[in-house]
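Undergrad: Two independent chains are provided; combine them into the complex using the hints.
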Amino acid sequence: MEYKDYYKILGVARDATPDDIKRAYRRLARKYHPDVSKETDAEARFKEVNEANEVLKDPEKRAAYDALGRGWQAGQEFHPPPGGGFEQREFHFRPEDMAQFSDFFASLFGRRARASEARARRGEDQNARLRIGLAEAFSGTTRQLTLSEPVVEPNGRLTTRTRTLNVRIPAGVTQGQQIRLAGQGAPGGGSGAAGDLYLEIELDTHPFFRADGKDIHVQVPIAPWEAALGASIQVPTLAGPVNLKIPAGSQGGRRLRLKGRGLPGHPPGDEFVELEILAPVAHTDEQKALYRRMAETFAFNPRASLGV
Amino acid sequence: MVRMVIDIEGVVLDEGLIVTLTELKQLCGSSDQMLEYLVDEGVLCPQGRRPDEWRFSGREVRRARRALRLQRDLELNPAGTALALELIEEIETLRARLRVLERRLRL
Numbered sequence: 001m002e003y004k005d006y007y008k009i010l011g012v013a014r015d016a017t018p019d020d021i022k023r024a025y026r027r028l029a030r031k032y033h034p035d036v037s038k039e040t041d042a043e044a045r046f047k048e049v050n051e052a053n054e055v056l057k058d059p060e061k062r063a064a065y066d067a068l069g070r071g072w073q074a075g076q077e078f079h080p081p082p083g084g085g086f087e088q089r090e091f092h093f094r095p096e097d098m099a100q101f102s103d104f105f106a107s108l109f110g111r112r113a114r115a116s117e118a119r120a121r122r123g124e125d126q127n128a129r130l131r132i133g134l135a136e137a138f139s140g141t142t143r144q145l146t147l148s149e150p151v152v153e154p155n156g157r158l159t160t161r162t163r164t165l166n167v168r169i170p171a172g173v174t175q176g177q178q179i180r181l182a183g184q185g186a187p188g189g190g191s192g193a194a195g196d197l198y199l200e201i202e203l204d205t206h207p208f209f210r211a212d213g214k215d216i217h218v219q220v221p222i223a224p225w226e227a228a229l230g231a232s233i234q235v236p237t238l239a240g241p242v243n244l245k246i247p248a249g250s251q252g253g254r255r256l257r258l259k260g261r262g263l264p265g266h267p268p269g270d271e272f273v274e275l276e277i278l279a280p281v282a283h284t285d286e287q288k289a290l291y292r293r294m295a296e297t298f299a300f301n302p303r304a305s306l307g308v
Numbered sequence: 001m002v003r004m005v006i007d008i009e010g011v012v013l014d015e016g017l018i019v020t021l022t023e024l025k026q027l028c029g030s031s032d033q034m035l036e037y038l039v040d041e042g043v044l045c046p047q048g049r050r051p052d053e054w055r056f057s058g059r060e061v062r063r064a065r066r067a068l069r070l071q072r073d074l075e076l077n078p079a080g081t082a083l084a085l086e087l088i089e090e091i092e093t094l095r096a097r098l099r100v101l102e103r104r105l106r107l
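If you read the sequences in order, they're chains L and S.
Count the first sequence with the numbering used here and you get residues 1 to 308, in order.
Count the second sequence with the numbering used here and you get residues 1 to 107, in order.
For the record, the hints were derived by calculation from the structure and aren't laboratory data.
Where hints are given, some of them may not hold.
To be verified - The calculated lysine-lysine pairs, modelled on BS3-like cross-linking and capped at a C-alpha distance of 30 Å, are:
| no. | chain 1 | residue 1 | chain 2 | residue 2 |
| --- | --- | --- | --- | --- |
| 1 | L | Lys47 | L | Lys57 |
| 2 | L | Lys47 | S | Lys25 |
| 3 | L | Lys8 | L | Lys31 |
| 4 | L | Lys38 | S | Lys25 |
| 5 | L | Lys8 | L | Lys47 |
| 6 | L | Lys47 | L | Lys22 |
| 7 | L | Lys8 | L | Lys22 |
| 8 | L | Lys31 | L | Lys57 |
| 9 | S | Lys25 | L | Lys214 |
| 10 | L | Lys61 | L | Lys47 |
| 11 | L | Lys214 | L | Lys245 |
| 12 | S | Lys25 | L | Lys31 |
All values reported here derive from a predicted model rather than from experimental measurement.
With the rest of the complex left out, here is chain S (with noise of 0.2 Å):
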């Protein structure tokens, strides 16, 4: 049995946050060409023309690493990656909608 205690503070994924598509790859423990596929899908949509310009706000790191996991545990590809996101996405708004009006009608 081992114990540690450690202080530390992480790195918020937000807009603040800029990586380039090397650092991306990295970000999601990813060697092959499913983040370029990702973009051509329209799933990402980093800053920037050619591959080597690419940003990607932390925003879009969030939504790459969950891509990357449906593709990989799922065995989808790019476009049925693509259309699984964009409904999961979906459907989050709609609950956060949903929940909204439920405490309006309960107020």
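For reference, chain L alone in the conformation it holds in the complex (with noise of 0.2 Å):
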């Protein structure tokens, strides 16, 4: 297992005081807490912020890391002491907290979890980001998983376990959804219950669809007699093309709304057609003649709104 420096992450010297600890803790707190950062890793950083906190505010838990030495890097190959001056000491941390901390932390000061173990006490809920696309929104999908975590044994030693969760994802989940699996969570303390744990949907973006909660927006190009006389076109839809009727004397810009035509649910999304207008580019003779003509039938201003 790697080395782990505890006042690195916290970015303290290694003589600081209980104040300085409580106060660097305190704001790398908030920058990684995963519910306001954005940044990819700040579950992760998170965790390793508290694990360090945990340890170094803490001056029992300080000094037996202090102990270590000095000569140790972060990130280097680590061996714990053989049945050390550690085992001798008696550590209190609540199993589902020990479940969260690395291995790291779990050679050091794990041998002596159990010592609060006869307390049953849920498991920590965990959380997921899950990436789908937008086509397995709409259909559903199956998304297999899979969960290692260290665990403790009844005999307060912790081992490794590795669940597959083959999950099942309904139709018409949104952006930003949860799903919760009930017990899949970070295991309890004693005869404590399981967490739950929630799966939050990441919706891929897509090459023209975009989703607004269960609303499907899209941009269609359409020709202008077809804005100016009116057509029948065909516009994409999740479930695929369906006609549609464009009304005589559209605009660029007009919206146009496919009643239940969006992600599934009660009652469905729709879809949103909003229309562009792309002008054909004139190349031959004939085809500027045309342009010329249309110029000299309308009298067309198309910046009169902006005054000029």
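TA: Structure (structure tokens):
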């Protein structure tokens, strides 16, 4: 396992006062709180900061950690001192906290984890993000998750438990929505029940669809004559192309609603089609003449609203 | 080393999920008055008048869990929790709008 430099994690000197440590911890806890931070490794950093604080805020644990000496580098391969002084000490942690902390932490303090094991306590809830595509959100999907975690055995030692979950994602989940998997979080302490696992849905961006809750937005280009004369055109939906009637005299930016064509649910979302008028480029003389005739035929100032 | 494979279908925290205050407390692992304070602060808006009539939607469950995490981890009071939660949600909304606008600029 790797040596962890708790002082470096909190960004404080080895002779930092308890106040220094508290201030550094509070600042980093705000910075890396998974609900606040957008950094991808926020959750891992937050745990690390908590682990460092757990040790350094307590004079006895700090002394035990300091006793390892200064020679270690962060990330260096670490072997706990054989049967060393720690065995004699009495450290109190809740087993569910132990499960949050690193192997390094457990090797230093873990053997006494069972000191408070008798109390039955529910395990911590855990959170994970799940990226899925819009098409999968529309039709539902299955995702395989593999979770590894340290578990405190009844004798107080740590072992690793690996669970593979085949999670059924129902059709119609939306961005940021959470799915609760009861009893799949961190194991409880003593006879306590396990916590829950919460999966937060993260929808992948789609080349042309954009989801807003259950509604789907799409920009659809149309030709000027389709806008002017009206037309029945094909537009994409998550369930495949459908026909949409463009009213005569439509302008770019006009939004048309396809009721119930968004993500499924009770009620399902809608699809909003925003029209975008694409003018064809005139290449041939005939095409250019056609544009000139339009310019002569229409008394049209597209910039009238700008007062020019 | 222990290995397990489990097939599982979870509960989506959406408008279809309705829970009571007692159930919400269980879901949040909260045993104190904090959830009542958060209703007083207007952070959580349950249906129903009295606490024993309160009904929370799946969306409120998500907000409650997040609020309690912030309150516990950063040692906030109810008013501070309410402010943090509202600002975080506003940032999320703005980020989502920014994403849309940035995509449009690239089109």
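Undergrad: Evaluate each hint against the coordinates.
TA: Going down the list of hints, with the structure as the test:
Using a Cα cut-off of 30 Å, the hinted pair L/Lys47 and L/Lys57 holds, with the two alpha carbons roughly 15 Å apart. The straight-line distance between the Cα atoms of L/Lys47 and S/Lys25 is roughly 24 Å, inside the 30 Å bound, and the hint therefore holds. With a CA separation close to 16 Å, the supplied pair L/Lys8 and L/Lys31 stays within the 30 Å bound. Restraint check for L/Lys38 and S/Lys25: the C-alpha separation of about 28 Å stays at or below 30 Å, so the hint holds.
Distance check on the hinted pair: L/Lys8 and L/Lys47 sit about 14 Å apart at the alpha-carbon level, within 30 Å; holds. The hinted pair formed by L/Lys47 and L/Lys22 meets the criterion: a straight-line CA distance of about 16 Å does not exceed 30 Å. Restraint check: the Cα-Cα separation between L/Lys8 and L/Lys22 comes to about 14 Å, which is no more than 30 Å; the hinted pair holds. For the hint pairing L/Lys31 with L/Lys57, the CA-to-CA distance comes to about 19 Å; that is within 30 Å, so the pair holds.
Of the supplied pair hints, the one linking S/Lys25 and L/Lys214 holds, its CA atoms being roughly 28 Å apart against a limit of 30 Å. Between L/Lys61 and L/Lys47 the CA atoms are separated by roughly 18 Å; this keeps the pair inside 30 Å, and the hint holds. Taken as a hint, the L/Lys214 and L/Lys245 pair is honoured in the structure, with Cα atoms around 23 Å apart against an allowance of 30 Å. The hinted pair formed by S/Lys25 and L/Lys31 meets the criterion: a straight-line CA distance of about 27 Å does not exceed 30 Å.
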